[in-house]
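Engineer: Chains as they are written, first to last, in the working numbering: chain A, 25 to 142; chain B, 8 to 511; chain C, 50 to 149.
You can take every hint at face value.
Here are a few chain B residues that sit away from chain A, every Cβ distance over 12 Å (derived from the structure):
(1) Ile57
(2) Pro207
(3) Gly279
(4) Thr309
(5) Arg453
(6) Ile489
Quick list of simulated restraints, FRET-style, between CB atoms:
(7) C:Thr138 with A:Ala138: 19 to 27 Å
(8) A:Val106 with B:Ala493: 53 to 61 Å
(9) A:Ile128 with C:Thr138: 34 to 42 Å
Read the hints as simulated data drawn from the structure, not as lab findings.
Every residue, glycine too, gets a C-beta built ideally from N, C-alpha and C.
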Amino acid sequence: MLSNYIPIVLMMVIAIGFGILMANLSKWLGPKRPNFQKLSTYESGMIPVGTTRERVSVKYYVVGMLFIIFDIELVFLYPWAVTFDKVGAFAIGEMFLFIVLLFIGYIYILKKGALEWD
Amino acid sequence: MTGFTVSARDIYGVMPLLILAGTGLVVLLWDAFEKVPTRTPLFLTILGAIAAGAAAIINLGNTGRIFNGMILNDAFANYYAVLFSVGVVIAVLLAERYLKEEEVLVGEFSGLTLFSACGMVMLASGNDLIITFLGLETMSIAFYVLAGLFRRRRESNEAALKYFLLGAFSTGFFLYGIALMYGTFASTNLDTISKALENPTTAHAALTSPMFWMAAGMLLVGFSFKVAAFPFHQWAPDVYEGAPTVVSGFFSTAGKAGAFAALILIFNIALGPIALDPGAFTKMQTLLAILALASMFYGNITALSQMNIKRMLAYSSVAHAGYMLLGAAALNKEGSTSVTIYLSVYTLMQMGAFGVVALLEKESGRGLELNDYAGLGRRRPWLAFIMSIMMLSLTGIPPFGGFFAKYYVFAAAIRSGLTVYAVLGMIATLISVYFYLRVMVVMYFREPEEGTAGIAVSGSGTVAVVGGDTISAWTALALAAIGLLATGLFPIILTDVAKTFYAP
Amino acid sequence: MAPLSHYLAVSAILFVIGTAGVLFRRNAIIVFMCVELMLNAVNLTLIAFSQFLGDQTGQILVFFVMTVAAAEAAVGLAIVIALFRNRQTVDIAKVNILKW
Chain A
25 MLSNYIPIVL MMVIAIGFGI LMANLSKWLG PKRPNFQKLS TYESGMIPVG
75 TTRERVSVKY YVVGMLFIIF DIELVFLYPW AVTFDKVGAF AIGEMFLFIV
125 LLFIGYIYIL KKGALEWD
Chain B
8 MTGFTVSARD IYGVMPLLIL AGTGLVVLLW DAFEKVPTRT PLFLTILGAI
58 AAGAAAIINL GNTGRIFNGM ILNDAFANYY AVLFSVGVVI AVLLAERYLK
108 EEEVLVGEFS GLTLFSACGM VMLASGNDLI ITFLGLETMS IAFYVLAGLF
158 RRRRESNEAA LKYFLLGAFS TGFFLYGIAL MYGTFASTNL DTISKALENP
208 TTAHAALTSP MFWMAAGMLL VGFSFKVAAF PFHQWAPDVY EGAPTVVSGF
258 FSTAGKAGAF AALILIFNIA LGPIALDPGA FTKMQTLLAI LALASMFYGN
308 ITALSQMNIK RMLAYSSVAH AGYMLLGAAA LNKEGSTSVT IYLSVYTLMQ
358 MGAFGVVALL EKESGRGLEL NDYAGLGRRR PWLAFIMSIM MLSLTGIPPF
408 GGFFAKYYVF AAAIRSGLTV YAVLGMIATL ISVYFYLRVM VVMYFREPEE
458 GTAGIAVSGS GTVAVVGGDT ISAWTALALA AIGLLATGLF PIILTDVAKT
508 FYAP
Chain C
50 MAPLSHYLAV SAILFVIGTA GVLFRRNAII VFMCVELMLN AVNLTLIAFS
100 QFLGDQTGQI LVFFVMTVAA AEAAVGLAIV IALFRNRQTV DIAKVNILKW
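The following block holds chain A by itself, in its conformation from the complex (with noise of 0.2 Å):
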C-alpha cells in the first residue's frame, strides 16, 4: 500500500531540491562585487527611514472599521445588479431605500467627526 506513495515522495524530494538549487545557482556562479549603493534597501530609490516595526495610529484601526462596514454592502449590491431588471420596481425601490440608510450611517460618521485624521 505505501508503496504507492514512494513516486509522491521522490517527486517532492526532487521538486525541493530543484528549488534550492536554483534559488542558490546564481549565488554560487555570479560574480560578487559589493558597495554601498548596491547594499542599500532600494539601489536607486529613497533611504528608508526608521524601524519596520513602527506602531500604526490607531486612528487608522478607526478608518478600517468603517471601512469593513461600508464595503460589505456590496454583498448586497451585487445580486441586485445581476437581477435588478427581473426583480421589478419594488427591488429598486428597496435597494435606494437601503443605500439611503447606508448615507444616513454615514452622515453620523462624518458629523461625529470619525473620518477627521487629527
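Position chains B and C relative to chain A; hints supplied.
Structural biologist: Okay, now just chains B and C, sitting in the frame of chain A:
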C-alpha cells in the same frame, strides 16, 4: 422570476418595527447635528417607543403572515412588541439623570436602545429562521456597544469585551443550529417545518435523524447564552456588574424577553407537532427541563453568597431564566402563554430593582455593595419601599405579580407531565427567599457602619448620588410598582393576556 | 462531485477548530478570528445544503451572515480598541477585574 411586490398590509404589519427603526435614525441624526448635547434624544426615544407600542396595540387583532410568510403579524408578535416598548420607555426614564451624571452621550444610548428593540421585535415576529437570526444579531450587536457605554471605565470595557466574545461565540452555535435545521427540513420557514412535523412520514425521518437533534441542541445552546441559562450563563454576572446599571436592567429584561420570544416561536410553536411522537416529545421536554432546573438551582445557590447587589441580581436573573425555561419545557401553547405572562411581570420587577440600584449608585460604580443599603429604610423610606416590592415580587410572594407569574409557569409544567421538575423548581424558589429578603433586612434592620458612609447618608448632601431623584426616574419606578401590584391583586389582567391578546 | 457528507465533515472540522481556538487562545483578536472561522464554517454548511437541496434560501442566509459578521467585526474591533486605550493589553486572561 416574478417581481416581488409589497402590499399595504405588509407595511402596516411591520409598523412597530418601522417606527422604532425610524426613530432610531432620527435620534442618531439629531444627536450628530446638535452642537450642545441636550436631552432631546431621550424625549424622542420615549415618543418613538410609545408610538411603536400604540401601533402594536392596533395590530393586536391581526392574524397571519406577511412578507411572503417571513414575518408573523399576530397577537403574539404584537404583544411582545408592546412589552419591548414598555421596556424601552422604563429604561430611558431611568437613564435620564444617570447618564447625564456619567457624561455618557445620550444620543448613542437612545439610538442603540431603539435599534436593539428593533432586533427584539424581529425576534418575536420572525416566522423564518433568517429573520430570527437577523433579529438576534441586531439586538446583540446593539447590546455589545451598550455594555461598553462608559468607555473610560475599565469595568465597562471589560463587560463589553466579555459580552462580545461570548455573544459572538454563541452566535456561531446558533447559526450552526439554523444550518442543520435547514438541512433537515430543506427550509428555514417555521410554518414549513411545522407542516413537515405534522406529516408522519417526514416527521419520522426528521426525528430519527441525528441532524435534527444536533440542530435542536445547537439552537438551545445559542438561546441559553442569550437568556443566560445555566451552562452558558458565565457572562451574565460580569456583564451585568460592569455595564451601566440601567443598561444591565435592560439586558436582563427586554433582552431576555426577546430571546425567549424566539425560543417559544421555535420550540413551542414550530416544533410543537413533535408531541405527535411521544418518545421525541419526552426527550425534548427532558432536555429543556434539565436546563431549567440547573439554572434555577445554580442561580439561586450562587446568589446566596453575592454581596454586590448587581451580581446578586445577575444570578437571580439566571434563576428566573430557569423558571421560564421550565414553562417553555411544557412544549405546548399553555407553556408559551405562561412564559409570556412571566416575561411581562419579570420585565417590571427586574427593571424596577435595577432602577432602584441605579438611583442609589454613586460615582464610578461605588455604592453597589449590600452593606451600602444599611439604614435605607429610615433615610429613604420610599425608595426602600419600592425595592421591597421588587424583592417580594421577585421572590414570588403573593400580593405581587411575581407570585402569579410563577404559579402559571409551574402549573403549565405540571399539566404537561413535568411534576417532579416543578416540585424541584419550587424548592429552588424557597432557596431564593433568603437572598431577596436579606436585602430587605439590611435596608430596614441594620444601621450603616461608621466611616463607610452608606448610601443613605447622601440625603445629607455629603456624598453625591449619581442617579439622583428625578421625576422621570420616579415615574418609571412607580409604573413598575403599580404594574406589579395590579397584576398581583387582579391576576385576571394576566389571564386576559393569555386569553385575548395571545390566543392559546 | 463529492457527496454532501464530505462538505459537512469539512465544515464540522472547521467549526471545531474555531471552537477550540475560542476556548484556548488568549489574544482577544485571535479569539475573535476564531469566531469568524466558526461563522464561515457554518456558511460552508449552508452553501453545501443549498446546493444539494436545490434551494436558494441557504445562499441568501449566507449573504446575511457575511454582513452580520462584518458588523460584528467592526463592533468587536471598536471594543478591543477601547479596552487597549484603557489597559494597554488585549490578553483576555488579564481582563479580570470582574469576578466573584
